[in-house]
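Number of protein chains: 2
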Amino acid sequence: MGPEEFRAAGHELIDWIADYRARIPELPVQARVAPGEVAGQLPANPPEEAEPFARLLADLDAIVVPGVTQVQHPRYFGWFPSNATLSSALGDLATAGLGALGITWQSAPALTEVEEVVVEWLRELTGLPGSWKGVIQDTASTACLVALLAARERATDYSEARGGLQAESAPLTVYTTEHAHSSIPKAAALAGYGRDNLRLIAVDPVSYAMRPDALEEAVEEDVKAGRRPAAVVVNIGTTGTTAVDPLAEIVPLARRYRMWVHVDAAMAGSALLLPEMRWLVDGVDGADSLCWNPHKWLGTVLDCSLLYVADPAHLIRVMSTNPSYLRSAVDGEVTQYKDWGIPLGRRFRALKLWFHLRLDGVEAIRARLRRDLDNARWLAAQVEAAPGWRVLAPVSLQTVVLRHEPPGLDHDGLNQHTLAWVDAVNGSGAALVTPSLLDGVWSVRVSIGAENTERSDIEHLWRLLRHAAATAEAG
Amino acid sequence: MGPEEFRAAGHELIDWIADYRARIPELPVQARVAPGEVAGQLPANPPEEAEPFARLLADLDAIVVPGVTQVQHPRYFGWFPSNATLSSALGDLATAGLGALGITWQSAPALTEVEEVVVEWLRELTGLPGSWKGVIQDTASTACLVALLAARERATDYSEARGGLQAESAPLTVYTTEHAHSSIPKAAALAGYGRDNLRLIAVDPVSYAMRPDALEEAVEEDVKAGRRPAAVVVNIGTTGTTAVDPLAEIVPLARRYRMWVHVDAAMAGSALLLPEMRWLVDGVDGADSLCWNPHKWLGTVLDCSLLYVADPAHLIRVMSTNPSYLRSAVDGEVTQYKDWGIPLGRRFRALKLWFHLRLDGVEAIRARLRRDLDNARWLAAQVEAAPGWRVLAPVSLQTVVLRHEPPGLDHDGLNQHTLAWVDAVNGSGAALVTPSLLDGVWSVRVSIGAENTERSDIEHLWRLLRHAAATAEAG
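Sequence order for the protein chains is R and G. According to this note's numbering, the stretch in the first sequence is residues 486 to 960, in order. According to this note's numbering, the stretch in the second sequence is residues 486 to 960, in order.
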């Protein structure tokens, strides 16, 4: 496709996107297709001949839009905010249009240096230590794996990358809580620690935050048994309840045992743009790494995850490569992000962050985040004041975990009731919330923070929840 | 930013991209900025207020375009083709515009099912075994890491993810050649095998391909020493010389020792769209996994890497997670790509492949690939016929490795001469080629395959090379 064909099709697609975004509030939030329904509408064989662009647009309307859950919908309260701001989408378009190749500094100096500057802007905006350096990864899953790989190497004086973990006799152990994101045990397994060497530390029964005394006990027990504590993953805003592990109390303990402290603030990190929320990471200057995802609440379109480290040398010692065909005269003077993560080839992801911050402005982003925190507090107050309803966890961020508990239901009855009314809400298409297990019982997460969610949408949701619960109770 | 602002800015950006792409042939191929020059043009602090879109466009022109090496240039012959076709850029724009969230099938059924269909189209187009299943990863680096993690687990009856590699007494070993991409030893280190347990098998001195007899010897020696051969990475089209390891001879040996066979065809995989090039992967039906990158020669904009596996159960056993908040009623009936790789959150990458194939059509793509193979053969013939010039490796794909060898130069003199004329070519801005070490001596790689490279560009390049070499020889 040449530039003039692209120009014509591109204008059509821009209009299609603008129209689509404008009509999202009228679409059902949750996709209503059955398994195989989308695939069944696509031809079994690839096209030998070029197709006209109009046919692609028609398929976006007929097949793709009905086939996705509308996470940009103002009444999307599902898994977590996954905002794809249109300002960041423009930056992402610039990335594809430029078609730059990020393998070394030399292959695209601007790709590296815009990333350095923008990541530093966000470090400043979130109040992380001035000496820390950052890099964009795809997701928090990968960022945590990278951190645990660095931890593994530091704990063994960089011998694992040479001899392999199989050369070790004393197992390395990792600590977090059962409320950690599913990517944390996965990373511990992939990095070769083994799930058996991951300790899920007890949490406070009210706040669901890690108990430092229980951590200390577990670490001491492992040390006594000849194991070597290597890393602790501290959860700032868990997926289930946005619980906040007490970082400031964990850090001194971790330092005593020379453990790597990785802070997983994937969703909550956006809140650090608000000075009044910096308490979330009190003690962070004693940590080793922190990850948060602008592609969640902040709204930089997927995929964009920030990994900050106190000392990038740990990443570079583990990750660096130096084949002859990638060498250049300036290698000693520049940042080589290929040595800060797993992939060699990197997309120019910094552009979408750059566009996002510049086109929206930080003040407006802060106002939106504060709006969402306020909406969560408002909803929690309604729930707490309503007979038969309960807020199940502290509302320290933008998520409200709740349950309708009619009298006379046993454990199974309550679970059936909850899943029935949640299914009714989600099936209606009017809103999406997420059922999740808390202390072994089904609860409902309302994760507020879609870009276009206003107070009226929260009021609408609260009416929907009460109506669905009442109907389920009556039926 | 609302839909109407996006519409206005989007039209401007589309025009900017079309104009930029049209003027690429006039730009210097290699970026000419000094370290820090791009960063020095950006403000130290993030913008509190929203900026007008015109300022972003101006910065793209003034800062970003001069700050990237123009890999879409028709005389870009550097590292490897990194085509960002405009048809695929439209698909990528649709991805950002939709803003879908790929975490489970339920979160975006079309994201999963379009991926399943398009990946199957490409399986068929490349003649891979009909029973194999595929998934899109970001890069071949990650795909190889995923394969080696699966190999590690299969080799130990899935005990590593539980007990950790540190529980093992007999080390697992991995085999490849010194010509393997730098991401292969990196993956072996990250996966916990340890670099000491990676064997670089001797290659044929003419073809630079792995010698099966040397592989057999190394495997037998390891077995005798109590080590356990776990995986072999077979290189189909090495980065240095596009050497092709003899897969059909390696597979029976690997099966005998129950080793995982991962085929790294990152660049060369595109050639499999041509039936006459399928000999590259003779024997693949006995392998376990194969990776190739549509974001290279084929031209689907970064990042888009295809990982095919004979049995996805090996990935799922290692990678799957199942937190309560991600469960749905249809989990047993659908593909959950989150369990086929490292990240949980996935971009709707299939759209750019879908758009690319449909808007360009497979016939036209095949014609372009054949054009590039033909151009490489033509250039090799010119080089071979020119006095003082030499082709250093078989031209089995689109890369010509060459050297100008004036009489009377010793080893160091030859290296100085080569680097001098390559720097002159690259510094001129008229073309970009890559110096690389071959058998310890600097050579020059001409990697043909930019989307807009025609025979006239190859003729132009050949004049440039001869002129630069003659000037360096005279000077």
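Because the hints were derived from the structure by calculation, they are not lab data. Idealized CB from N, CA, C, for every residue including glycine. It is possible that some hints are incorrect.
[To be verified] Each computed DMTMM-like pair below joins lysine to aspartate or glutamate, with the alpha-carbon atoms no more than 25 Å apart:
#, chain 1, residue 1, chain 2, residue 2
1, R, Lys-618, R, Glu-818
2, G, Lys-618, G, Asp-824
3, G, Lys-709, G, Asp-767
4, G, Lys-618, G, Asp-767
5, R, Lys-618, R, Glu-939
6, G, Lys-618, R, Glu-848
7, R, Lys-618, G, Glu-533
8, G, Lys-618, G, Glu-818
9, R, Lys-618, G, Glu-818
10, G, Lys-618, G, Glu-522
11, R, Lys-618, R, Asp-816
12, G, Lys-618, R, Glu-818
[To be verified] With beta-carbon atoms standing in for the labels, derived distance ranges:
#, chain 1, residue 1, chain 2, residue 2, range
13, G, Ser-809, R, Pro-760, 42 to 48 Å
14, G, Glu-489, R, Leu-894, 47 to 53 Å
15, G, Asn-807, R, Gly-711, 28 to 34 Å
16, R, Glu-511, G, Arg-940, 49 to 55 Å
17, R, Asp-767, G, Pro-510, 24 to 30 Å
18, G, Asn-807, R, Pro-690, 43 to 49 Å
19, G, Glu-511, R, Glu-536, 30 to 36 Å
20, R, Asp-500, G, Arg-763, 55 to 61 Å
21, R, Pro-760, G, Ala-529, 55 to 61 Å
22, R, Glu-609, G, Arg-940, 27 to 33 Å
The hints, checked one at a time:
no.	hint	in the structure
1	Lys-618/R x Glu-818/R	holds (16 Å)
2	Lys-618/G x Asp-824/G	holds (13 Å)
3	Lys-709/G x Asp-767/G	violated (30 Å)
4	Lys-618/G x Asp-767/G	holds (18 Å)
5	Lys-618/R x Glu-939/R	violated (35 Å)
6	Lys-618/G x Glu-848/R	violated (47 Å)
7	Lys-618/R x Glu-533/G	holds (22 Å)
8	Lys-618/G x Glu-818/G	holds (16 Å)
9	Lys-618/R x Glu-818/G	violated (43 Å)
10	Lys-618/G x Glu-522/G	violated (46 Å)
11	Lys-618/R x Asp-816/R	holds (18 Å)
12	Lys-618/G x Glu-818/R	violated (43 Å)
13	Ser-809/G x Pro-760/R: 42 to 48 Å	violated (34 Å)
14	Glu-489/G x Leu-894/R: 47 to 53 Å	holds (49 Å)
15	Asn-807/G x Gly-711/R: 28 to 34 Å	holds (32 Å)
16	Glu-511/R x Arg-940/G: 49 to 55 Å	holds (53 Å)
17	Asp-767/R x Pro-510/G: 24 to 30 Å	violated (55 Å)
18	Asn-807/G x Pro-690/R: 43 to 49 Å	violated (24 Å)
19	Glu-511/G x Glu-536/R: 30 to 36 Å	holds (32 Å)
20	Asp-500/R x Arg-763/G: 55 to 61 Å	violated (42 Å)
21	Pro-760/R x Ala-529/G: 55 to 61 Å	violated (19 Å)
22	Glu-609/R x Arg-940/G: 27 to 33 Å	violated (52 Å)
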